[in-house]
Each structure stands twice: as structure tokens, then as C-alpha cells.
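Colleague: Each chain, letter by letter, is given below.
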Amino acid sequence: NAGVTQTPKFQVLKTGQSMTLQCAQDMNHEYMSWYRQDPGMGLRLIHYSVGAGITDQGEVPNGYNVSRSTTEDFPLRLLSAAPSQTSVYFCASISRIGEFEMNTEAFFGQGTRLTVV
Amino acid sequence: AQKITQTQPGMFVQEKEAVTLDCTYDTSDPSYGLFWYKQPSSGEMIFLIYQGSYDQQNATEGRYSLNFQKARKSANLVISASQLGDSAMYFCAMRGRNTGGFKTIFGAGTRLFVKA
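Top to bottom, those sequences are chains A and B. Quick note, the first sequence lines up with residues 15 to 131 if you use the numbering used here. Quick note, the second sequence lines up with residues 48 to 163 if you use the numbering used here.
Derived from the structure by calculation, the hints contain no laboratory data. Given the structure is predicted, the values throughout are model-derived calculations rather than measurements. This list has only true hints and no planted wrong ones.
Below, computed lysine to any residue pairings styled on SDA-like, alpha-carbon distance capped at 20 angstroms:
(1) B:K85 / A:G54
(2) A:K28 / A:R91
(3) B:K50 / A:P53
(4) A:K23 / B:I93
(5) B:K50 / A:P75
Here chain B stands alone, though its shape is the one from the complex (with noise of 0.2 angstroms):
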């Protein structure tokens, strides 16, 4: 069975600072995808970036990066820079191309105050 774990209800975050949201996942699958999905207070989901499990170097996409640890089955999100805007719930998400490659399984979800 695959499984995401966010184990930060909360954080916060100091503006132009960088923060880091952490997420672990569980698979049996040998090829898989990793998602984060940024959902701000009016509720839509945004696509932020994807990791491939093949991938050799990690996704960065503007002022966030993920940081992928094959080995500790881990994912997580950095944001530079942080930014009021940025304050939002944030999702990892996971697809196994073994177990279905469109479904998607995500975690709790990790809530980031960015503080002025």
C-alpha cells in the first residue's frame, strides 16, 4: 500500500526567509511520481512541482525546490524567499505507476503562516 506522512500540522515562517516542509512516503512501486499542491484560503489546488522516482537531480521550479532522498523515501518542499502569499496549506502527493499511475494518494497537508 502506498502512503504519504506529513508529520507538521503548522509551521512558521519569517518573510524572506526559506522554510522547509517535510514529507515521507511509502511505496512498493520501483517507479513512482511526487506531487506538492499549494491550497491557499480560497480553497483551489495549485500544481507547485514533481519529482520522479528515476530522476537523477532534484525538481526545481522558481523559488521551490524539492529535496528528494531516495533512500530515506523522503520529499521534501523548500521554499526560498518566503513571501506572505505563500501562506496556504501545502499537500505531497504520490503517484505508483504499479498501482494505478492516475491515482493520486496524498498526505495531510502541512499549513505555512508566513509572518510580516
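So that you can see chain A by itself, here it is in the shape it has in the complex (with noise of 0.2 angstroms):
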């Protein structure tokens, strides 16, 4: 029942690296996106994907890169990393048929907690 897997739960890097959060379903579910969490401003759209080779900008996408080569795999690109990047990311993923049921609940990982010194 593995559900949604993010890797790594913890990270810390150095203004300018660059890094990949990795984010895996295994339940073949058409929608997955990332989100960041940041104290008083709740969850945040990054970016989203729709199926596989369809990804689409979300509230906040400047300094990330997503791609989306298969159902299962999402990952997150940070660019160059800033301080202001310093959050905790979650994927989420959805089935289809919550696109006009809505009544299925989006499925999260456990969280990444970034930290960018």
C-alpha cells in the first residue's frame, strides 16, 4: 500500500545547487501535482501534470521544472536554489475520475522539508 512515495523527507542545500525531489504513485492515477507549504500561507500550487508529456504551471512555478515521462513518476527540478525556496513540498496525485466526480480526494505524499542556506 505503498500510495505516493517523495523522496528524500529532508534535504539541505547551498544557494545556486540544484536538485531533484522525486515523487512516485503507484495507484496509475492521471493527475499529480506539487505543492509547497509555508507557515500562514497554506499549500501552493507549483506546478501539475495531467497525464504523461502534459505538464502545466501553477500558482507559484518560477526557479522549478517538472517533467512527466510516465503515469507513475513526477519529479520536481529546482534550478538554483534560493533561500526563498526554503519550504516543504508535497505531491499529490488524483484519479481521473475526480476530474468530474470531485468527490475522490487528492492522495499526498509525506512531505519534503527543504532547507536552502
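With the hints as a guide, bring both chains together as one complex.
Modeller: The following block contains the structure:
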């Protein structure tokens, strides 16, 4: 019962470094998203994907890239880390049935706590 | 544009009492879904309850109920008989059918403290 798996759980980066946050789901969900969580701001959408090969920007996409080569994986890349990207990052997936029925919840990974120094 | 507003940054409740967490929303979508998630100190996001915009009755799930007032655009979460384990961050969230039914937007959250 893996669900959505994020790695790593914790990461410290130096300003200017790049890295990739991994996200994988085994539920065959079409829709996947990346969020960042900051105190007092809830979760904000960074990028999302509606299927393999299709991605789009959310509210706060600057400084991040994504790709979706398979249904299962949706990595998030930080191109040149900045202290403003210190946050907790969540990956989430939703079954396509949720698009119109909207009664299926999003499944979340455990989160990645990223600190940029 | 869609927006979720949670005006209570923090709430205290005595164990075994009921508590209401406020949530108001704004959307032009005629069809939408409202969700509540719990985030304990361990950090994971736990789905609690769902309310559809066309549902006639308020949703209930065990000790959780959703007080849905469509005309007021509010979707408050009611937790009955609070337990110490209910101490957590609670997020109200929404998806709209016409604005991407899979894109969930979240409020800023309410931190609930349950006192023994």
C-alpha cells in the first residue's frame, strides 16, 4: 500500500545548487501535482500534470521545472536553489474520475522538508 | 479566480467539547467540491471529509461534519467530542469543475489545540 512516495524526506542545499525531488505513485492516477507549504499560506500549487507528457504551471512556478515521462513519476527540479525556496514540498495525485466527480480526495506524499542556506 | 479563506489561525478547545473551524470560499464554478484535510505534527496530509456543491445534505464522517451553507459560501468543519489526538493543523480545500477539476486550492489553515 505505497500510494504516493516522495524522496528525500529532508534536504539541505546551498544557494545556487540544483536538485530533484522525486515523486512516484502506484495507483495509476492521471493527475499529479506539486505543492509547497509555507507558514500562514497553506499549500500553493507549483506545477501539475494531467498525464504523461503534459505539464502546466500553477500559482508559484518560478524556479522550478517538472516533467512527466511516465504515469507513475513526477519529479520536481530546483534549477538554482534560493533561500526563498526553503519550504515543505508535497506531491499529490488524483484519479481521473475525480476530475468530474470531484468526490475523490487527493493522495499526498509524506512531504520533503527543504532548507536552502 | 477561486479562493479559500480560513480566518482562525489558531483555536483552543477543551477535550470532549465540540469545535467549529471556519472556512469560506469564492468561486464562479457552478460545480465544485469542498474538502477538509488534517495535518498532524508528523506532517502527513489526511483526508477527513468531502462536500459536493450539489449535495443536498451536509456531509458527515464519524465525529466530523461539514456545515455547508451554499448561499453564504461557507463550509465549516465541526468536530464533536474533541480528543487530544485532534490537535493538528486543519486545511479547507476546493476543486472546481470548470477551473480544472483536479486542481485543488487550499486555505491558510487553522491550528487546533485540544486541552486536557
